[in-house]
Every structure is written in C-alpha cells, then in structure tokens.
Amino acid sequence: MPFQAAINFIKHRLGMALGLLLIIAGCSNDTQPINTQAPKPANSAQNVQRSTAEAAYEAAYKDTNQASFVGNQQCASCHEKQHHQWQQSHHAKAMAIASDASVLGNFNQATFTYNGITSVFYRKDGNFMVRTDNAQGELEDFSISYTFGTYPLQQYLIDIGRGKIQALGIAWDARPTAEGGQRWFHLYPNDAVDNQHFLHWTARDQNWNYMCAECHSTNLKKNYNIKTDSYNTHYAEINVACEACHGPASNHIRWAETTPTQPANKGLTVEFGERQNGYWQYLPGKHTALRTKELTSQTELNVCARCHSRRSTLNENFIHGSAIGNSHRVNALSETLYHPDGQPKDETFVLGSFLQSKMHSQGVTCSDCHNPHSTTPKLEGNTLCAQCHNPGVFDTPSHHHHTPTQAGSQCVDCHMPVNRYMGVDDRRDHSFRIPRPDLSAEFGVPNTCNSCHSTQTPEWASKAIASWHEQAQQPFAPESHQQFTAALAKGRQGLPEALTLLIALTHNPAQPAIARASAIALLAAYPSPRSFSAIVAQATDASPLVRRAVADALTQLNNPVGITYLEKLLADAVTDVQFAAASGLLEARPGSLSPATRKRLSQVLKAYVESQQHNADRPEAWINLGNLAARQQELPEAEKAFQTALKLNPKFAPAIINLADLYRATGRDKKCVELLAQGVDANPNEGSLHYALALARVREKNYRAAATHLNKAVEFAPTQARYAYALAAFQNQIGNTQAAVSTLNAALAHSPFDPQLLTSLRAFAMKTGNKDAAALASARLKEMQQALN
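Using the working numbering, you'd call the opening residue of the sequence shown number 443 and step up by one each time.
Source of the hints: derived by calculation from the structure; they are not laboratory data.
Fair warning: this is a prediction, and the values are worked out from it, not measured in the lab.
No incorrect hints appear here.
Here are the simulated distance ranges between beta carbons: (1) ARG1040 x LYS1224: 38 to 48 Å; (2) HIS1192 x ARG1031: 33 to 43 Å; (3) ALA1015 x ASP868: 33 to 43 Å; (4) PRO1078 x ALA1015: 30 to 40 Å.
Under the rule of at most 30 Å between Cα atoms (straight-line distance), these lysine-lysine pairs were calculated in the DSBU-like manner: (5) LYS820 x LYS523; (6) LYS1010 x LYS1041; (7) LYS800 x LYS728; (8) LYS787 x LYS932; (9) LYS1213 x LYS1224; (10) LYS735 x LYS523.
Backbone N, C-alpha and C define an ideal beta-carbon position, used for all residues, glycine too.
Using the sequences and the hints given, assemble the complete structure.
Given below as structure tokens:
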C-alpha cells in the first residue's frame, strides 16, 4: 500500500480504550525472510511464539489439510495465460529486489534538493545507492534494498538494521517526460520534513514492515519483537502473487496431480464463483443490464477489500473469502476521509467508494470490470461500460451532452472523477455517482462538472444540467441510491434538523450500508429516546459495518438498556463487531452481566489483547492496552503500557496525556505536571497537551499558566468545543465575562448547537447585559430540545 495516504490518517489518530488502531499490518503462514538469503521455516525458533490467533487461522484451514503456499511458478504450468497476464501487472511489480531490471530511477549521479538537503543517487559496486540525511540529520550513504511499485511512481526501500525496512521520502516519477515525469520528487513537498519530523524516511511512520508490507507481498508475517524493537519479517513471495488472492495452493496442486475429480472444490482454498452463478442481460424495455441471479456471496470483494480499502488490521487470521471484518476494520464515511456526499477527501483505496455505488447494490463485482490477473480494465473506454449500459442510450451526446471523443464524452469523466495522490498518482472514484453540482452549491462538496469548468459556479452547472431535462426543477430525481448527503452534512455540524434525517437514513434499506453505518455513528451525538430506538433497530442488520456502528454508538451512549443489544453483538459472527461490543460491555455495572456473557467477554477481550499485541510496533496499540488495563483497574499494567507507548514515540500526545492522568489518579501530581510540560515543549502546537496541562495548572492554582495554556489549546484546536468551554468558564471566573462571551461565540461557529457552549453563552450574555446573544442561545437550546423529544 502506498505510504503517503496511509501516513495522512496517522496525523488524526488517537489511542482509545478498545478504539481499534487505524494501521496496516501483516498476515501470515508459510514464509521466507525479508532478504535474499535462504528461506527460514515459518515455525522456526526465530519466529515469535504461536498465538491463539494463529491457531484459529490454522484451524480454519483444517478441512483443506492446512494448505501451504507453493509459489507462483507452481501455478504457471497449468495457468499459463493467467500467469503471463499477472507478470505484466502492478501486483507482480508491487515489490522487488533492487536490480537493473526492477529499478526505474536515475542513479547516474542524479541529485535532488529538498528542505536544504541535497541527496545524490548513484551506483557503487553494482548496488543502487543514495546519499541522504539519516536519523541524526547527517548525510550518509545507503544501499537501496528493494523497489516498491512501478507506475506512475516508484518508491525505494532501505534496510536500516534490526530488520527495519524504511521507505525513502524521495520517489521516482515514472511517467513520461511529456507528462512531467522522469524526475525525482518528494512525497511531502509542503511539509518541510527534516530528521525530527514524523514523516522523515527513517521514522516509525515510514516503516515498510508496519505500513505497507501486508499489501505488497504475499502471506506476510511481521514478527515484531518489542523487547529489541526489531523485526524478523517473512513472506511467502515478495510481491502480490497468485496465492495472495487465491490462498495457499498446495491442496489444489495435490488435486491436479492425483485426484482430478475429488474434492468438489478442486482443493482450492477459496473459490470465486460469483460471476459463474449469474450473468448480465437486458430485460425488455430496460437500458441497463441486470444479473440473471442475485449475487449471494461477497467472496471476491472480501479478498480484494483486504488491501483495496482504508482499514486497520485486527489480527493475522485472514481467511481468503471470509468477512473482511474478521481480520480488518474498514473505515466508514468519517469526516476526515470523506465529504458528506461520500466522495473521498483522502486516499481511501476504492472499497469505501464502491460500497456506496448502485453497481455494488446490484451485484457488480471487481472482476466484472477488471481483469484480476493483469489488474487492468477488461475493455477500453466506454466499451467497458457498454457491457451493461446500452451504448445507444448512454454513449451519445443526448446523454453526456459533450462532443464525442472530447473531454466529458467518456463515462468515467463524469461518473468516476479523478483525485491525485502521492503527487502524481491519479485514481478514480468508484462510487459511480451522478454529478451533483446542486450539492456543491448547498453543502460545498466537489463535483465533476466544475472540475473541468473551473471558471464557472456550481449554480451555473446545476442550471446547465436542469436544461437537459424536461422536468427542470428535479433534474436529479432519477437517482435514489445516494441520497444521504444532507443527513451526513447536517449531522456532522450537529444541527437539530439532522436528527430526523439521520433516523430516516438508518431505516432506509435502499441506501448504502456504509452510509447508514455513518449515520448511526452521528446519531450517538443526539442522546434521546428517538436516536436510541433508531440505533438499536439496526442491531440485526445484514451489514457488519452497520452492526459495528450500533455497538460503537451504544458504547458512547452508555445507556443501561443497550446492554441487552451489546450482549447479542458480542456473539456476532464478525470479529470487528465483537470488539466494538466488548468495549460497551466493559462499562456495564458489576454483576449486571450473565455468567455466559462474562465468559464470552473474557474470550473476546483475550482476542482483542492479541490484536493489539500484533500491532505492538505502534504506540497506539499500547495506548489501547493501557486503557483496557486501566478500565479493569490493573493500574500497574496500564502504566507499563503507556510507558511503552512513549518509548516507541516520546512525542506521542495520547500517551503523554494518558500516563499523566494515571499519575494524577494515583496521587503523583508532580510527575503529572512534569510529563505534560515536557509534552508541550516537544509538541508546542498540540492543543490536547495544552488543554491537559491547563487543567493540571488549575489544580495547582497556577491560574496565570492555566490561562496561557487554555488559550493555546483553543488556538491550536479551534473545533474542540470543550476547550473553548473551559477557557470561557475560566475567563468568567476571573471576571472577564465579556471575553468569555467572545470565546463562546467563536466556538459556536464550529459547533453552533453544542448545548454546553449555548448554556454558558446564555448565562454569560445575561450577566453582561447582551440580551441578543442570550436570546440566540436560548432559541437554539429550545430548537435542539424540541428535535430530541
């Protein structure tokens, strides 16, 4: 998986008790070392101790005699055509040992200057070398170990010792010169990355073993050792080979060689039968083809989703074709990743977009459009879409309203707009949405019309589209599948009218499950009988994404009535849902759970702990383990976990705050303040640290210092309503109520209906005689209360 997009979400990540990590890690079985030496057996003494998760993984393959990985050459003899196609694919070139055949970049004494550092790319003794800044900021010579990817850019991996493979921040633009390529460029041109920056190529957040290995190699086992902060990473094959998708093939080989009629599944670990059980045909009077048989399996999508999604890794239990939630946690339509209409803000790797599409709801799978072996589209241009969409109706100027062969005449121009990632990589949105400039005008979301007609307004584009339809007042009426923008947009703002919209969205089966799950997440911010009823009504939804959202929302609401639903979700068939339910049940009153539930909870928490231990190379995992220990009153274990997180990243704000709070709770106030002060010094622009230190200074009665840090907290995190509330309360306490009113008014620009802000504003405005502000606050509080009732 490319580094830059994965790095982006690290900037927003916080460790929380049972808040699963947004990281990308490894999967395992038969493996070889991440070097050019002879292979080591996966179960050798050098590997980590066998875990319960691994035992479960192997048990799942019992019916196929624990199939093992055999390598792509074993597949080639019988599947020559598919193997040849794969050899030309991006999957085959996902990673390779650096060689004359694999390296694309200019290593002929080429130079590149970035942030005051001039790096030199050259050859020495047959090796590809780079002279660049090391972890200490000093120039050092490094040997390129591996290439990473091939087009439109190629990254380079360097072994820096202790098994750590790092991705250089300078990449090669593999595009033709005419397109601006054939040059070195930096992946973070605007971040001024130096050796102290978390995006520096030597830093933990640029580590291949953790960040990208699972999706660029086959059957990876990360093998991290926390005691030595080192890796013994293994894989079956260096790139994304046949068995990455089809699973271990030893039993299939055995079937082909000895028993050509048995077993019925030909010894395959996973069968992709979705497209064999139905085909696409046009019904009379219809211009879009429909499947002759409803799609009943998501096997193919689950296999692709493992890597083509924005997700975190839960464990190494990946079983080819099983529900993705058993091994990974897929992100819903969060505000940091998606616009409210579902268009991606950040790189989300296709799945989240595709799950929104009408094509997905009608049974389209990845291989309907893509050749899974070459990874390219099966057909060129509009011919691909014409498989299911009558070209006589859709591939005409009367439909697309553009000159044929010109921009706007290709289906993808309007229905799959491009976003650029990693500086040069253009990727298409797979939500296949109808262009909606009217939503741009109302909610500020992008639209593909104005991406070309950039000098025009969304209103202009809306009128143009309206003029193409007889019913000009409702030009978008035919689209019914992606009708969730208003609910998500207003829900994110916390507006009163959003509650009714969100409830309607959760109850509407015609809307994508990923959108309904996102609505449930937003409903948790509207604590009322109405929202609670809407949330629990979806506890048995067919989508694991929705059921997980229910468990998360019930955990946040902490309603005792919700325990019954959480108990059922704890027994869910999908691991992701179980973990979410376990978090809520930890808040249950002692003795309120049945013996059976307590036993099951213990089992799920054991699996959760193993999940975090699998991600032990990340400080976030230790925050999660520490918070879990603290919730179970195991304070010494919690302290050790928080300290380990800080050992991995001394600047990690959540670890600093959580450990400081533990010091406070155990009577070590001096250590609490010292740690927070050190954290602020190391992270002077981190609002959460200023806020925590401000509260600590209040406890010391050092009010001048508290005021300074509260102001800094609001300055660096203006959208955090509780920071503004605390600052306003403090300002009022010291007699500067007018300043408190100004602080609250500024905060309400981000959270216009926050009840805490409004209640304080009403009181403070009345105190200062500002009747208009008090009346506004009262009106908004009344409006929200009426919505909740």
